[in-house]
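**Student:** Chain by chain, the residues:
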Amino acid sequence: MKRYLETGNFAITEGALLAGCRFFCGYPITPATELAEAMSKRLPQIGGVYLQAEDECAAMHLCIGASLGGMKAMTATSGPGYILYADPFGWAIGCEMPLVVLNSGRVGPVSGITGAPGQGEFYLTRYPTQGGNFESVVLAPNSAQECMLMVCEAFYLSERLRMPITVLADQLITDGMEDISVPENEAEMKEMGIRTYPRKHHAGPDFYPHTDALDIPPVQMGIGAGGLCSDWTPTPEGYDIEEVSDHHKHAYRLIYKVRNNRSLFNHHYEKKFMDDDPDLVVVSYGTPSRVVNTAVGKARSQGLKVGALRLINLWPFPDELFKRATTYLSVELNWDGELVREVQRAASKDSKVHFLGSCGDLPTIPDLLETFEKILKNQPLARKDWVLEVW
Amino acid sequence: MATQYSSSALVDNYLRKRKIPSTACSGCGLGINHKIVIQAIEELHLSVNDIVWGTSIGCAGRQTFATWQGDGFAGTHGRAYAIARGLRIALPRDKKIILTVGDGDAFGIGLLHLIHSARSNADMTVIVNDNLGYQSTGGQFGFTTPQGVKTDSSPYGMFEHNLMSEGMDVMHILKGAGATFLARHVCMDGAEAVESVKKAILNPGFSLVHMPYPCPTNFASRHLGSRNAVNIFNWMKERSAPLGKETPDTIWATGIYHDAVGSRSEFSDHIWSTVNKIRRTGAL
Ligand code: SF4
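Residue numbers (our numbering), protein chains in the order written: chain W, 1 to 391; chain B, 1 to 284.
The shape of chain W in the complex, shown without the other chains:
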């Protein structure tokens, strides 16, 4: 194990290389640029390729092309670039092409503030392309070390599910310097819980079965198996077809290969002080969860029965974690509230759901403690006058 004091971008790069990534293509954007720079340095050293594309749309298509040729590929961007991935994302979903996409969130909408963290793409990562009829998988680390692990995990899931997977981080995680341990051999990787899955080669001309089956190698070009894939609705052989019944089967696979195989990733969450059925459950993901964890620890020492639930797999949304009727507070790095809507939807109808937003800056521990106390005492929350009181 080698230890470093380095950024999340460094950790992501090392994680991707451990997972077998040998192709990276991006387009410069703050705060994901440093990841591209790290890849441009590291990939050639181990026989991989770094390319800089003409725009984000091309960057992801180049990754698709590399993946279509049998390489493990990755790209990285921030919100304004992630939205430009919508087109290739759809192709990769429909053609079932493995790929890992890192989105380092910053304050939006649009270009917003380049150097401040934001969580405005919660829903965008669920619906990264048009047309619906698919399920998505999104992982959200909250530290540099976890970035490394989650990128490896994203490659693992991406190969087994045959689809692009998003790792949703933010500027604080990717740019922040932290203590990082990088495994140096397979035994150490195993010890850290890193799972890897090799790219398998497409053995025949068939595109896919109309089932939720895992571990079907993606279509690969250049091996002469007569493999076909396109953005049109496919027959099981990969021919394009304009039949609703075929589309139904296609959509079934895209949705249920994820939903029916949730045991692959539904262990990705973190509970703190949750064993005694707390009166208030604070829900968060990414960087805010670090402040939340500290604040919840402090609240406990003050006798408040508060627990923290940190989501790592954001999509499919882990509804099962919200079965218990209680009071929930969603803490997010946005003002409009995105995660809170899913908590509202998933929570039993006897639950109460509150929202605390901030943007570009993390909530402070005193702010959080005050909010916990008020919620537990049923008092109105201290709101800035332009923030909605009620969700």
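Hints listed in this document are in silico derivations from the structure and should not be mistaken for laboratory results.
Please note: incorrect hints may appear among the correct ones.
[Claimed, not checked] Reference listing, derived: stretches of chain B covered by chain W, where coverage requires no fewer than 3 residues with Cβ under 8 Å from a Cβ of chain W:
1. 74-86
2. 200-212
3. 228-237
4. 278-284
[To be verified] Chain B side only, calculated, beta carbon under 10 Å to chain W, not exhaustive:
5. 32
6. 90
7. 97
8. 108
9. 112
10. 120
11. 274
From a predicted model like this one, the values you see are computed outputs, not experimental measurements.
Note that CB positions come from ideal geometry on N, CA and C, so glycine has one too.
Based on these hints, arrange chain B with the ligand on the given structure of chain W.
**Tutor:** Below, chain B with the ligand alone, put in the same frame as chain W:
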């Protein structure tokens, strides 16, 4: 003199019978373009396994996707060139990439990606099957629609500046961008077109062959008021001439526009040899 092949032999050797005949309208020139490409492949003695076939959207994409017996893909609007560049990195060097795309895809929505494929001299052969506008969507003008032509979206006659008028030519752009082989043929050019496509395929770099063809269903029915294929074939033939023999009516000068084969290193060769050097020495 090029050998004449029977269509059935070409179909047997290279195409998926399930896709033949294609779903293109009767009288469409697209099938002739497609045959020119397949014939070039046959004359080069290439096998199904030597080629990855990519297409994109529109009539050119929809009608040629999955007709090739070997590996094939279709990209979204204008993106096949970016996919092909990524694929070029991953593919064994001896595999060839042929993209049969439309004019809207190549010269409209995909032009930026096309330019960067030319810049990087990525080894691919792009066949632009130009039906002179957006015919798959019902017949709107495009960037190569001749001036004055009436379409559903140019009811007063095509009056926008475009890439085939006023001395402008998309070939100039591609040449400036670094393409190493460029040719243009109308689908009636037959054996000459086959020869150009063969040169394009053999070029270990970025090649593009622009091949305008007649669309009786939309283009001809709007502009000539008839779906009779003979009219539109004649109309196009009258407006094409070999390079150097142009007349004032010529829209499409045909032949080889630019042959710089071997003048620059190929994209994936360049990238991989550089990567290997960095790997060996830690520097360049
Ligand atoms: S619409 Fe025109 S170009 Fe398209 S297939 Fe029909 S005839 Fe050919």
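**Student:** State for each hint whether it applies.
**Tutor:** Hint by hint, here is what the structure shows:
Counting residues of the stretch 74-86 of chain B whose C-beta lies closer than 8 Å to any C-beta of chain W gives 10; at least three are required, and the coverage claim holds. Only when three residues or more bring their CB closer than 8 Å to a CB of chain W does the claim for the stretch 200-212 of chain B stand; here the count is 0, and the claim is violated. Evaluation of the coverage hint for the stretch 228-237 of chain B: breached, as 0 residues show C-beta separations to chain W shorter than 8 Å, against a requirement of three. Residue count for the stretch 278-284 of chain B with a Cβ under 8 Å from a Cβ of chain W: 3. That meets the three needed, and the coverage hint holds.
With a least beta-carbon distance of about 22 Å to chain W, the hint placing residue 32 of chain B at the interface is violated under the 10 Å criterion. This hint holds: residue 90 of chain B has a C-beta 2 Å from the nearest C-beta of chain W, less than the 10 Å allowed. About 9 Å separates the beta-carbon of residue 97 of chain B from the nearest beta-carbon of chain W, less than 10 Å, and the hint is met. Contact between residue 108 of chain B and chain W, as hinted, is not supported at the beta carbon level, the nearest pair being about 14 Å apart and thus beyond 10 Å.
The interface hint given for residue 112 of chain B holds, since its Cβ lies 6 Å from the closest Cβ of chain W, which is under the 10 Å cut-off. At a threshold of 10 Å, the smallest CB-CB gap from residue 120 of chain B to chain W is about 9 Å, leaving the interface hint in force. The interface hint given for residue 274 of chain B holds, since its Cβ lies 7 Å from the closest Cβ of chain W, which is under the 10 Å cut-off.
Violated hints, listed in ascending order, are 2, 3, 5, 8; each of the other numbered hints is respected by the structure.
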